[in-house]
Amino acid sequence: MNIVEGGVTAPKGFQAAGIYAGIKKDKKDMAMIYSEVPCKAAGTFTTNVVKAAPVQWDKQIVYEYPTARAVVVNSGIANACTGTEGFGYCEETAKKAAEVLGIGEKEVLVASTGVIGRQLPIDKIKTGVEQLAKVLSESREAGSLAASAIMTTDTIRKEAAVQVEIGGRTVTIGGMSKGSGMIHPNMCTMLAFITTDASISKELLQKALSEDVKDTYNMISVDGDTSTNDTALLLANGMAGNPEITEENEEFAKFCSALNYVNETLAKKMAGDGEGATALFTCKVIHARTKEDAVVLSKSVITSNLTKAAIFGHDANWGRILCALGYAGVEFDPEKVDLYFESDAGSIKIIENGVDTGYSEAEATKILSEKEVTAIADMKMGEASATAWGCDLTYDYVKINADYRS
425 MNIVEGGVTA PKGFQAAGIY AGIKKDKKDM AMIYSEVPCK AAGTFTTNVV
475 KAAPVQWDKQ IVYEYPTARA VVVNSGIANA CTGTEGFGYC EETAKKAAEV
525 LGIGEKEVLV ASTGVIGRQL PIDKIKTGVE QLAKVLSESR EAGSLAASAI
575 MTTDTIRKEA AVQVEIGGRT VTIGGMSKGS GMIHPNMCTM LAFITTDASI
625 SKELLQKALS EDVKDTYNMI SVDGDTSTND TALLLANGMA GNPEITEENE
675 EFAKFCSALN YVNETLAKKM AGDGEGATAL FTCKVIHART KEDAVVLSKS
725 VITSNLTKAA IFGHDANWGR ILCALGYAGV EFDPEKVDLY FESDAGSIKI
775 IENGVDTGYS EAEATKILSE KEVTAIADMK MGEASATAWG CDLTYDYVKI
825 NADYRS
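The numbering of the sequence shown is our numbering, which starts it at 425 and goes up by one.
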């Protein structure tokens, strides 16, 4: 596997664009992804009962139609809780994109992110679609512009790309995402768009994404809120020329591994860019009894507000972590647990068999002062493990969300 520079335009045959369409104040707010040829499409979506209009549209396209060619995204307005009018705007957007791109209406996916409850300024959206189509490009810069245009409270673009050899051909997978607040496991407030030139069946493409989401996007949390718009789309256009992957064999495993790299990279970037965050906080649970136990335990730690606040204060308050493990709903022996903190500044064992090790507070503070901090909980119960990603909880999180609509 070869990590490369780029995002959604890294694979063959994909173009992108990002522009300012007047939806937000002086910031790029519309993006487009386009494939030169029809793509197999896979998707995973929010588990929230309240689903935005674009989610409803995309589920229909992904699950009921054989191919897709384009994705149109706007930021600033979520098009959620907008009734039949909002769903109609998804259809109008798709019709306009089909018209200017010369493709089928049902080959157009749409996505929105932003304030819930407001109707889209559909005239601006349709004009934006026309402008996007005119500046589509396969360049690296075009992919980055698209990644910038889907941001809301994000502070950085989120992109990743990787190459792997499958069937004697170089296959590329690239992606971009947005997500900073309202992030919680089981598809968080995020949009992720992954493109690949791999040739793979629609069934295996969906299986690869659905399985990988469990260990990537479903393992991050910023604030415990699950949104109405969460969407991850994976488009495969087959232009790498590899023999089509139709079985769960070694070639499929290679594809899944490469997909995991892209999704995990994007997921960690979202967690680390949590609203107001100063640090990416990772919890690894090792030697748990089952994978399910490890998942539950690791998520419990990264979603603990008290633990997140301690990470912000660079405070090795290990009692908060042990407490979070204890109320997760998993049976374990607290008198067997070891806990470590790690970062680029070093590693330190904080507790052994549930008891304070007499560690140096100064050394622990030094380790916890880095931009990426990891807590490792050794449960000594079995061989299963899981990793979850979150961030610290800061004063700025409240400020950002108090001012979000203004």
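Careful, some of the hints might be misleading.
As the list claims (entries may be wrong) - Below are the DSS-like pairs computed for lysine-lysine, each with C-alpha atoms no more than 25 Å apart in a straight line:
id, residue 1, residue 2
1, K823, K448
2, K558, K448
3, K519, K530
4, K452, K626
5, K631, K692
6, K678, K436
7, K631, K475
8, K451, K483
9, K631, K436
10, K708, K760
11, K483, K708
12, K692, K678
13, K436, K548
14, K448, K475
15, K558, K631
16, K631, K519
17, K626, K638
18, K760, K823
19, K692, K715
20, K558, K436
21, K795, K708
22, K626, K708
23, K548, K638
No wet-lab data here; the hints were simulated from the structure.
So, going through the hints one by one against the coordinates:
1. A threshold of 25 Å between alpha carbons decides the hint, and for K823 with K448 the separation of about 20 Å falls inside it, so the pair holds.
2. Restraint check for K558 and K448: the C-alpha separation of about 21 Å stays at or below 25 Å, so the hint holds.
3. The suggested pairing of K519 with K530 holds, with an alpha-carbon distance near 9 Å, which does not exceed 25 Å.
4. Between K452 and K626 the alpha-carbon distance is near 33 Å, which puts this suggested pair outside the 25 Å criterion.
5. Our distance criterion of 25 Å between C-alpha atoms is met by K631 and K692, whose separation comes to about 22 Å.
6. Between K678 and K436 the CA atoms are separated by roughly 18 Å; this keeps the pair inside 25 Å, and the hint holds.
7. Proposed proximity of K631 and K475 is supported: the alpha carbons are some 22 Å apart, at most 25 Å.
8. For the given pair, K451 sits about 29 Å from K483 by alpha-carbon distance, which is inconsistent with the 25 Å threshold.
9. Among the hinted pairs, K631 with K436 is consistent with the structure: their alpha-carbon atoms are about 23 Å apart, no more than 25 Å.
10. In summary, the hint linking K708 to K760 is supported, as the alpha carbons are separated by about 16 Å, within the 25 Å threshold.
11. Restraint check for K483 and K708: the C-alpha separation of about 33 Å exceeds 25 Å, so the hint is violated.
12. Taking the CA atoms of K692 and K678, the gap is about 21 Å. The hint holds against a cut of 25 Å.
13. A threshold of 25 Å between alpha carbons decides the hint, and for K436 with K548 the separation of about 30 Å lies outside it, so the pair is violated.
14. Distance hint between K448 and K475 is fulfilled; the C-alpha atoms sit about 23 Å from each other, no more than 25 Å.
15. This hinted pair does not check out: K558 and K631 have alpha carbons roughly 35 Å apart, beyond 25 Å.
16. A distance of roughly 29 Å separates the Cα atoms of K631 and K519; the hinted pair therefore is violated under the 25 Å criterion.
17. Between the alpha carbons of K626 and K638 the distance comes to roughly 19 Å, so the proposed pair stays at or under 25 Å and holds.
18. A threshold of 25 Å between alpha carbons decides the hint, and for K760 with K823 the separation of about 40 Å lies outside it, so the pair is violated.
19. At roughly 20 Å between alpha-carbon atoms, K692 and K715 fall within 25 Å of each other, so this suggested pair holds.
20. In summary, the hint linking K558 to K436 is supported, as the alpha carbons are separated by about 19 Å, within the 25 Å threshold.
21. Pair hint K795 plus K708 holds up; C-alpha atoms about 17 Å apart against a cutoff of 25 Å.
22. Of the pairs offered as hints, the one joining K626 and K708 is violated, with about 33 Å between alpha carbons and a cut-off of 25 Å exceeded.
23. Taking the CA atoms of K548 and K638, the gap is near 36 Å; set against the 25 Å cutoff, the hint is violated.
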